[in-house]
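Chemist: Work out the full structure, taking the sequences as your base and the hints as a guide.
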Amino acid sequence: MKGLEFREGHRRDKRQVSKDVVERYGHMSQVDACKELKMSTRTLRKRCRELGVKRWPYKPARGKKAAMARAEGTNTGSAFTAVSREAPRVVEGKSPGEPIDKVSAWQAQVAAKAAASAGKTANHESGFPLKYHERLQILVLLNEARNFFEAECSEREKERLAEVQNKTNDELHMFCVQLKEIMFAPDALRHIKSIDLHTTLMIIEEVQSRLLKLSPSSSSVSK
1 MKGLEFREGH RRDKRQVSKD VVERYGHMSQ VDACKELKMS TRTLRKRCRE LGVKRWPYKP
61 ARGKKAAMAR AEGTNTGSAF TAVSREAPRV VEGKSPGEPI DKVSAWQAQV AAKAAASAGK
121 TANHESGFPL KYHERLQILV LLNEARNFFE AECSEREKER LAEVQNKTND ELHMFCVQLK
181 EIMFAPDALR HIKSIDLHTT LMIIEEVQSR LLKLSPSSSS VSK
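Taken in order, the sequence shown gives residues 1 to 223; the numbers are from the UniProt record's numbering.
For the record, the hints were derived by calculation from the structure and aren't laboratory data. Hints are supplied without guarantee of correctness; some may be wrong.
[Claimed, not checked] Here are the computed lysine-lysine pairs in the DSS-like style, where the Cα-Cα straight-line distance is at most 25 Å:
| # | residue 1 | residue 2 |
| --- | --- | --- |
| 1 | Lys131 | Lys35 |
| 2 | Lys59 | Lys46 |
| 3 | Lys54 | Lys14 |
| 4 | Lys131 | Lys158 |
| 5 | Lys38 | Lys54 |
| 6 | Lys180 | Lys193 |
| 7 | Lys59 | Lys14 |
| 8 | Lys180 | Lys131 |
| 9 | Lys19 | Lys193 |
| 10 | Lys46 | Lys35 |
| 11 | Lys213 | Lys167 |
| 12 | Lys193 | Lys167 |
| 13 | Lys131 | Lys167 |
| 14 | Lys167 | Lys180 |
| 15 | Lys46 | Lys19 |
| 16 | Lys180 | Lys213 |
| 17 | Lys193 | Lys213 |
| 18 | Lys59 | Lys38 |
Modeler: See below:
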């Protein structure tokens, strides 16, 4: 019921409470919401069941300071391991491996909507969940992803370097010829944008390294 306002000093009919109203006050505890809505907790719970809301969206944070302190240290090995073990247990009080149900996801949306409508969330943060255990999960996920991708990048870097180092002198000379053509072409910038610059720099370093290893005598002979 958009724009619903409750006047002071009047108890409200439970039928005035729609799902939109629940979302509007869902960031509060049920007791505080009842004070705002001027109705008893029993009446509000009954109305929520009629609307299909199995539980009130608000969920009090448990051990918030300790959990966030551990989350801030996720880049260190021991802290990350501890957070990884605890993260599944923190989510809505569920046991490890137990999936999050639709009600919990809806609760997160309600909290985000309520905070955004109240102006408590900055524009650049409005897309992030506001509950600490959800931020904790994201930090753990990002740390795991970062470690995996860094290891994968390192392996790919080694493979690419080995491939460059295995090139013959003729192949490297041909690369230099092609590079010269690109650099002096009228549309050089267009060609450069299509080049794998990282690999190109590796090849340039390899060519420079091989040229510097040539002795003066071998250089004079080649001339």
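Chemist: Determine for every hint whether it applies to the structure shown.
Modeler: Quick rundown of the hints versus the structure:
Annotation: proposed proximity of Lys131 to Lys35 holds, straight-line Cα distance about 23 Å (limit 25 Å). The straight-line distance between the Cα atoms of Lys59 and Lys46 is roughly 19 Å, inside the 25 Å bound, and the hint therefore holds. Straight-line distance between C-alpha atoms of Lys54 and Lys14 comes to about 16 Å, which keeps the hinted pair within the 25 Å bound. The suggested pairing of Lys131 with Lys158 is violated, with an alpha-carbon distance near 41 Å, which exceeds 25 Å.
For the hint pairing Lys38 with Lys54, the CA-to-CA distance comes to about 21 Å; that is within 25 Å, so the pair holds. Under the criterion of a C-alpha separation no larger than 25 Å, the hint pairing Lys180 with Lys193 is consistent with the structure, at around 15 Å. Simply put, Lys59 and Lys14 have alpha-carbon atoms about 22 Å apart, close enough for the 25 Å limit, and the pair holds. Under the criterion of a C-alpha separation no larger than 25 Å, the hint pairing Lys180 with Lys131 is inconsistent with the structure, at around 56 Å.
The straight-line distance between the Cα atoms of Lys19 and Lys193 is roughly 53 Å, outside the 25 Å bound, and the hint therefore fails. Distance restraint check for Lys46 and Lys35: the Cα-Cα separation of roughly 16 Å lies within the 25 Å cut-off, and the hinted pair is therefore satisfied. Taken as a hint, the Lys213 and Lys167 pair is honoured in the structure, with Cα atoms around 16 Å apart against an allowance of 25 Å. With a C-alpha separation of about 24 Å, the suggested pair Lys193 and Lys167 falls inside the 25 Å cut-off, and the hint holds.
Between Lys131 and Lys167 the CA atoms are separated by roughly 54 Å; this puts the pair beyond 25 Å, and the hint is violated. Straight-line distance between C-alpha atoms of Lys167 and Lys180 comes to about 19 Å, which keeps the hinted pair within the 25 Å bound. With a C-alpha separation of about 13 Å, the suggested pair Lys46 and Lys19 falls inside the 25 Å cut-off, and the hint holds. Using a Cα cut-off of 25 Å, the hinted pair Lys180 and Lys213 holds, with the two alpha carbons roughly 22 Å apart.
The straight-line distance between the Cα atoms of Lys193 and Lys213 is roughly 31 Å, outside the 25 Å bound, and the hint therefore fails. Between the alpha carbons of Lys59 and Lys38 the distance comes to roughly 21 Å, so the proposed pair stays at or under 25 Å and holds.
The structure does not agree with the numbered hints 4, 8, 9, 13 and 17 stated previously, though it agrees with the rest.
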